[in-house]
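K.L.:
Sequence:
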Amino acid sequence: YQQAVEFGRAMSRHGWMTITGAGGGIMEAGHVGAGKDLSMGLNILLPFEQSANPVIDGDPKLVTMKYFFTRKLMFVKECSAVVSLPGGFGTLDETAEVLTLLQTGKQTMLPVVLLDAPDGDYWQHFGEFIQHTLLADGMISPEDESLYRIVDSVDAAVDEILDFYRVYHSMRY
Numbered sequence: 001y002q003q004a005v006e007f008g009r010a011m012s013r014h015g016w017m018t019i020t021g022a023g024g025g026i027m028e029a030g031h032v033g034a035g036k037d038l039s040m041g042l043n044i045l046l047p048f049e050q051s052a053n054p055v056i057d058g059d060p061k062l063v064t065m066k067y068f069f070t071r072k073l074m075f076v077k078e079c080s081a082v083v084s085l086p087g088g089f090g091t092l093d094e095t096a097e098v099l100t101l102l103q104t105g106k107q108t109m110l111p112v113v114l115l116d117a118p119d120g121d122y123w124q125h126f127g128e129f130i131q132h133t134l135l136a137d138g139m140i141s142p143e144d145e146s147l148y149r150i151v152d153s154v155d156a157a158v159d160e161i162l163d164f165y166r167v168y169h170s171m172r173y
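In the numbering used here, the protein residues as written are 1 to 173.
FYI, nobody ran anything at the bench for these hints, they're computed from the structure. Just so you know, not all the hints are guaranteed correct.
Claimed, not checked - Below 30 Å or equal to it, Euclidean Cα-Cα: the simulated BS3-like pairs (lysine-lysine) are: (1) Lys61 with Lys36; (2) Lys106 with Lys77; (3) Lys77 with Lys66; (4) Lys61 with Lys106; (5) Lys72 with Lys106; (6) Lys66 with Lys36; (7) Lys66 with Lys106; (8) Lys77 with Lys36; (9) Lys61 with Lys77.
To be verified - For each label pair, taking beta carbons as the anchor points, the in silico distance ranges come out as: (10) Val167 with Pro47: 17 to 27 Å; (11) Arg166 with Pro54: 19 to 29 Å; (12) Gly90 with Lys61: 28 to 38 Å; (13) Gly88 with Lys66: 39 to 49 Å; (14) Lys66 with Val167: 31 to 41 Å.
Every residue gets a Cβ at the ideal spot worked out from N, C-alpha and C, and that includes glycine.
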């Protein structure tokens with residue numbers, strides 16, 4: 001939770017907005033760090049658990065979706081970077097979707113940062129699965145590993161994003 005607060009705060013200092021699924025936990029933490037003015041929420045209607053967190057609830061930058069596919073579309077349409085923290089099936093689904101869109105050229109290039117907790121191994125295990133299964137079995141190309149970075153600190157995550165945009169400016173040229 002605290003790492004997400006720190007990340008939202010760090011990116012807000014650079015003028016970046018934090019977009020989350022608008023729920024509690026890590027999603028709320030990103031909004032706490034970014035503050036109301038630099039937060040956007042993409043909520044999902046579920047028969048259980050999901051309601052907008054207090055930071056974004058009632059804000060015009062809160063959008064509620066009925067379907068996950070429309071929510072994922074909004075995420076990739078509105079973002080200039082993706083940072084995924086450890087989570088459940090939804091986190092894995094959204095992260096894999098972005099990687100697939102980048103891999104197939106359906107999404108403009110953007111940095112994808114997988115932020116582990118300090119000394120955490122959630123995304124390290126994901127990276128090992130990619131290397132030892134997907135890459136080893138020929139399901140992806142070696143170049144596909146360049147579509148994401150695994151880091152374990154807020155500073156490293158922020159640096160990955162800012163460094164990406166120091167080099168990459170546009171696809172127009």
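K.L.:
Against this structure, judge whether each hint is valid.
P.N.:
Hints and how they fare:
1. The straight-line distance between the Cα atoms of Lys61 and Lys36 is roughly 9 Å, inside the 30 Å bound, and the hint therefore holds.
2. Between Lys106 and Lys77, the direct Cα distance comes to roughly 11 Å. Compliance with the 30 Å bound is thereby established for this hinted pair.
3. For the given pair, Lys77 sits about 17 Å from Lys66 by alpha-carbon distance, which is consistent with the 30 Å threshold.
4. For the suggested pair Lys61 and Lys106, the alpha carbons sit about 26 Å apart, so the restraint of at most 30 Å is met.
5. For the proposed pair Lys72 and Lys106, the alpha carbon gap of about 13 Å is at most 30 Å, so the pair holds.
6. Distance restraint check for Lys66 and Lys36: the Cα-Cα separation of roughly 23 Å lies within the 30 Å cut-off, and the hinted pair is therefore satisfied.
7. Between Lys66 and Lys106 the CA atoms are separated by roughly 23 Å; this keeps the pair inside 30 Å, and the hint holds.
8. The straight-line distance between the Cα atoms of Lys77 and Lys36 is roughly 21 Å, inside the 30 Å bound, and the hint therefore holds.
9. Annotation: proposed proximity of Lys61 to Lys77 holds, straight-line Cα distance about 15 Å (limit 30 Å).
10. With their beta carbons about 45 Å apart, Val167 and Pro47 fall outside the hinted range of 17 to 27 Å.
11. Between Arg166 and Pro54 the C-beta distance comes to about 35 Å, which lies outside the given range of 19 to 29 Å.
12. At about 20 Å, the beta-carbon gap between Gly90 and Lys61 misses the expected band of 28 to 38 Å.
13. For Gly88 paired with Lys66, a C-beta distance near 20 Å fails the hint of 39 to 49 Å.
14. For Lys66 and Val167, the Cβ-Cβ distance of about 39 Å falls inside the hinted range of 31 to 41 Å, so the restraint holds.
In terms of the numbered hints stated before, the structure departs from hints 10, 11, 12, 13, listed from lowest to highest.
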